[in-house]
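Engineer: Join these two chains into a complex; the hints should help.
Residue numbers (our numbering), protein chains in the order written: chain D, 1 to 482; chain A, 1 to 247.
Please keep in mind that the hints were generated in silico from the structure rather than gathered at the bench.
Among these hints, one or two may not hold up.
Unchecked claim - Heads up, incomplete: computed chain D residues facing chain A, CB under 8 Å, no partners named: (1) D430; (2) F433; (3) Q436; (4) Q437; (5) R438; (6) L440; (7) S441; (8) D444; (9) G452; (10) K455.
Claimed, not checked - Here are the computed distance ranges between Cβ atoms for each label pair: (11) A:I178 with D:L376: 52 to 58 Å; (12) D:N179 with A:K110: 55 to 61 Å; (13) A:Y139 with D:E147: 42 to 48 Å.
Using N, Cα and C, we set each Cβ at its ideal position, and we do this for glycine too.
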Amino acid sequence: MSANNDEINNLLNQDYKQGFVTDIQADTFPVGLNEEVIAKLSKVKNEPEFMLEYRLKAFRHWQTMPSPDWAQLNIDPIDYQEISYYSAPKSKENAPKSLDDIDPEILDAYKKLGIPLAEQEQLAGIAVDAVFDSVSVATTFKHKLQEVGVIFCPISEAIREYPELIKQYLSSVVPVGDNFFAALNSAVFTDGSFVYIPKGVRCPMELSTYFRINASNTGQFERTLIIADEGSYVSYLEGCSAPQRDENQLHAAVVELVTLKEARIKYSTVQNWYPGDKEGKGGIYNFVTKRADCRGDNSKVSWTQVETGSAITWKYPSCVLTGDNSVGEFYSVAVTNNLQQADTGTKMIHIGKNTKSTIISKGISAGKAQNTYRGLVKVLKSAENARNYTQCDSLLVGDKCGAHTFPYVEVKQPTAQIEHEATTSKISEDQLFFCQQRGLSPEDAVSMIVNGFCKQVFKELPMEFAVEAQALLGLSLEGSVG
Amino acid sequence: MLKIKDLAVNVGAKEILKGLNLNVNAGEIHAIMGPNGAGKSTLSHVLSGKSGYDVTGGSITYNEKDLLEMPAEIRAREGVFLAFQYPVEIAGVTNVYLLKAALNAIRKHKGLSEVDAMDFLTLVKSKTKALDMDEKFLYRAVNEGFSGGEKKRNEILQMAMLEPQLCILDETDSGLDIDALRIVADGVNALRSENRAFIMVTHYQRLLDYIKPDFVHVLADGKIIKSGGAELALELEEKGYGWLEQA
Ligand SMILES: Nc1ncnc2c1ncn2[C@@H]1O[C@H](COP(=O)(O)OP(=O)(O)O)[C@@H](O)[C@H]1O
Ligand SMILES: [Mg+2]
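Next up, chain A with everything else stripped away, as it sits in the complex (with noise of 0.2 Å):
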């Protein structure tokens, strides 16, 4: 599904992303971790298509087409979905007017009718339901006065909508109280499907006792210097990321 080949990023004049490799299939987790400022958000911006950054060598494929090439707004139609690490703020826009337009620019883009209002309600209540949430967040501004974990929670359901092919969780882990986190896993567990992938990028060993990755990827220094099964997590829960980076 996703073939990221010697992918080279820069910001400004300074080399983030220097050569990194990395293949992920349908059906698959990949969780991606490393220390802070390796560059797991660049790579989860520059996937979804974040204007700023410069990319300075290599190519990624989506689906057997050139994802670099596509806007940001196509490649979220074509499935490629961004859970921030910071979701923003946008004041006066409801989050259920938020989610009926993203899906209804979704659908035209699949070709299909703008969906019914009354299915639409039907729908985006029970994935309310699911995750948790009060049905009173669906009527207030988006992310607008939510806690952290609200937030976070409130990308989720956008996800849990959408039904994106590729999933980027950026930290999602992040901020989440132990409840809260169970409740995210059990959502993303509930979208594993063999025709859809995770990217889940993480600094804790505890989001993937939830959610079971099939591969784990360390990043730092631009490059992923070491891939293994969810055994390597728990190495890293041990060992940290120094022995690595030295050898």
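Isolated chain D (complex conformation) (with noise of 0.2 Å):
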């Protein structure tokens, strides 16, 4: 019965919202990468001395690391000589000092995207710090922050203001010669957001980081740093997307959380890069390495991430259980459309006693895609007590796509308890013609059935992103009925 089905295939193909170019002056270093290019990436950065040995020293291991095996990923290779390592909008000063000194065109380019950087415009209750291709053009509510003593700012400004914190924690979770990504990530990054939360503070608003790559050719390599101090607690956002080009752009993102004794952090994410046109021509390759340690007990970190976007996205956010008693979740919601890959999942490693674990990941696959989950959970020996539970649904949408699932499972210690759950379901044409006998619109009724697959993982987002995720779905799978 292909006549529904290529309906359902219609109602997925939608147009990519976000896919505006912003025409402003950028300072771009030419293709190409090597040690000089990171000697003037890290003087342009007004890096202390340190960084640059850090980044030589990742880039040096970077150089002897084959290039990753990929996975269930069609892909093919990257030249990384081809690719810009630093661009950023040309300003008055260095950096701006104020949002008078942002060019116009990209406060513009973000109240596009929904999200309002002029004082008077921005979001209640949420603290912003927007990355503009390489650099970091603004952070809203900064000075609200530091009066409880939360560092909310760039990473680049933290390297300067406080490299104490950098050289202790920069790298602790995610080792420079952890994966090629990684390493690369090391040797370049050149943005993204720092955040300190001290010791018994709970932060009094979301924080979050916009990421844009806008330039063509030029790689995003942003760096996350979040570490929050005993007994304290922190909400963080994270979104991006990517204008609509024919060329593949490359996101290979390192994010790194530390949470000490009874510390919280919720980490979620709605990525909506660039996903590629309907022939799999131009999109995003978003290989990020996403990781929290756990480090204190009784601490907790909750990953919460929307995945509708990029050509090829291959990510593991994970959790290291280091301190006892301590909880690492997992949510995830991945859609593919078209020619789209997807390979993500997440790793529990489990080393403290008591340690606990929850993954509930959902994959919706259409078009032709691919939707792989790939889970570890590791529990060591010393890892007395430990538990997981892991839950992972597929839902297709149409008979040319696929979902597989790899759940990994490595016991060292005789009293952990795992469990796992599998399903894979379809939309079915009698589903669809059911929800249409009673008045949807068959859209409605496919946004209806995968919002409903998706509610587990949806009420763990924050208020604001559950609404947006919602929409984003319901916008990914537009056009797919006819």
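Structural biologist: Below, the structure written as structure tokens:
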């Protein structure tokens, strides 16, 4: 009964709404990568000497590493000499001192994305760090946060202003040589956000970074470091988008989270990079290393992600549960359509006693897309009474797409309890017809069924994000039924 | 309200309906009976706009409009309701969510504003109670893990909430025990009105004991081969369909 499957596929073919290009003056390095480029980059950023050493060490290590085996993904080799490693909007000074110094075109670009930066329009209750290509262009509510001792600033600023924190924590979760992209990122990262929540402070507002790739032929290598000191709490949101371009663009970020004793971090992502067109041309290659170290006892990290964009996504937000009684959670919705490929999942490494992890993964594939869940639950000998619950559900829309699940489990501690459940279902023609017979349009029917499927994850998102995520899913699936 | 003229329908190369005629006026109840595989569900599906059926001849007018021109969801919003023979399950979508979305889609089509949340809850609770269903069903995923009888009752709940004009019930009585049958019949009777019509597909007289039809039709070999009043159903119960088909 292919008539309806074609309809479903049409419904999924929506246009990318964030695909506009902002026309601004930019300082962009010529393409290519070598030690001189890295030295130049470090100099442009006014970095202390230790950072240059750190970068060069990473670069030398990276050169010895083979590029990764592409798991379940089909990908053309990337030529790292064809990428520019730095692009920054030209501004009057080296860095904009206030919002007035920011190119109005950039402010306008963020406004179009629904992230107004101008003082009078700022989102209530959310502090935003806006990263445009390689640099942070604005951070809102900085002073208000400073009053309670919270540091929220571009990481390039933190490197200059808080070198001791950087030396102590940078690469303490994701070592420089951890993997190919982490090494590359350590060598060339340009900006990103830095967060430090002092002891006992509950961050008074949501912190958010919005990443925007604008320039062509540039890679975005951002670096995020969040430290939650003892007994503190923060909720952090990450959003992103990019113009619609024919060539592929590389996004290789590293995110490190550290929670000390009894601290909690809630990290939410709505990833909407340009996915490429229907023939698979263009789109962002999204290779991200995200890892949390629950270093202190009774600490907790929750990752929640809604992945709708990118041509290729390759990411496994992970938790190293070092502290006793620490808790790691991973809630994920990954939507792939057309020729998109996603290989995503998580790693939960249980080291401390009574550590607990929960994994809820919802994969939706439509068109000819491939969606892979790859997860590892590892329980070390020391992790007495460790517990894990994993649930992986796949939803197929149409019959040309695929869903794959690879749950790996390694247990070295006999008291561990590991549970795994997996389901695969399909939006059937009968379901669609039933909804239509009740008066719903096919688009609304698909969106309702998909939202129902994702509910367990959406309820973990902060309110504003949950609404955005639902709307985004609606868009991703718009046009898939006639 | 509904005029079906010389309707011919194929599924693939197979002819299923071969010149079917039927007129239904507002306020009437029509029972359609007939052997398995005669095309009763096919007729229900074609009326409600399911794809996969090839209409090769004839016409259907509904409230003076060409029904076959309308997409399925427009037919629904215009008041055509099908209680399915085999209701589907939808994981993750609660009954109450579906009901609200459906009701609002229909209201929007009629130019009405969205239903007020409190009014909606009051309404849906009273209808649930009338069908002797536990309120918990409202917050469960549509038909997921429901018994056969609960699924059928759920169809009637949807019908009661959406207040359609033309209600098509495809073997709603099959698989119901006698208590459930009475509840469903009461639900249907409560909806009877002079501007609403029913087409009830059934195999059994027992449903018609509770819901008295104005007309009974026998569908066999793709056509209505005999029509009569309520007494025809009794005759069929006694003699089966054989004597008609041979005639
Ligand atoms: N999708 C289909 N593909 C092929 N044959 C079908 C399909 N749907 C119905 N039929 C056939 O059409 C005939 C009528 O079916 P149906 O309308 O379900 O009968 P009834 O509801 O009267 O028992 C049967 O012979 C059935 O096998
Ligand atoms: Mg049938």
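Engineer: Cβ-Cβ distance between N179 of chain D and K110 of chain A: within 55 to 61 Å?
Structural biologist: holds (58 Å)
Engineer: Taking 42 to 48 Å as the hint, is the beta-carbon distance of Y139 of chain A and E147 of chain D inside that range?
Structural biologist: Since Y139 of chain A and E147 of chain D have Cβ atoms about 44 Å apart, the given range 42 to 48 Å holds.
Engineer: Given S441 of chain D was flagged as interface, is its beta-carbon under 8 Å from a beta-carbon of chain A?
Structural biologist: holds (5 Å)
Engineer: Can we keep the K455 of chain D interface hint, with Cβ of chain A closer than 8 Å?
Structural biologist: Result: holds, 6 Å to nearest chain A Cβ.
Engineer: Is the hint on F433 of chain D kept, meaning its closest Cβ partner in chain A is under 8 Å away?
Structural biologist: holds (5 Å)
Engineer: Between I178 of chain A and L376 of chain D, is the Cβ distance one that fits in 52 to 58 Å?
Structural biologist: Holds: the Cβ-Cβ distance is about 56 Å, inside 52 to 58 Å.
Engineer: Are D430 of chain D and chain A close enough, Cβ to Cβ, to be under 8 Å, as the hint says?
Structural biologist: holds (5 Å)
Engineer: Can Q436 of chain D be said to touch chain A, with a Cβ gap under 8 Å?
Structural biologist: holds (4 Å)
Engineer: Checking hints one by one. Is D444 of chain D an interface residue toward chain A, by the C-beta closer than 8 Å rule?
Structural biologist: Hint holds; D444 of chain D Cβ to chain A Cβ min 7 Å, cut 8 Å.
Engineer: Does the closest beta carbon of chain A sit nearer than 8 Å to the beta carbon of R438 of chain D?
Structural biologist: Since chain A brings a Cβ to about 4 Å from R438 of chain D, closer than 8 Å, the hint holds.
Engineer: Was the hint right that Q437 of chain D lines chain A, CB cutoff 8 Å?
Structural biologist: OK, holds: Q437 of chain D within 8 Å of chain A, min 5 Å.
Engineer: Hint validation: L440 of chain D versus chain A, beta carbon distance must be below 8 Å. Holds or violated?
Structural biologist: Nearest chain A Cβ about 5 Å off; hint holds.
In this structure, none of the earlier numbered hints is contradicted; all agree with it.
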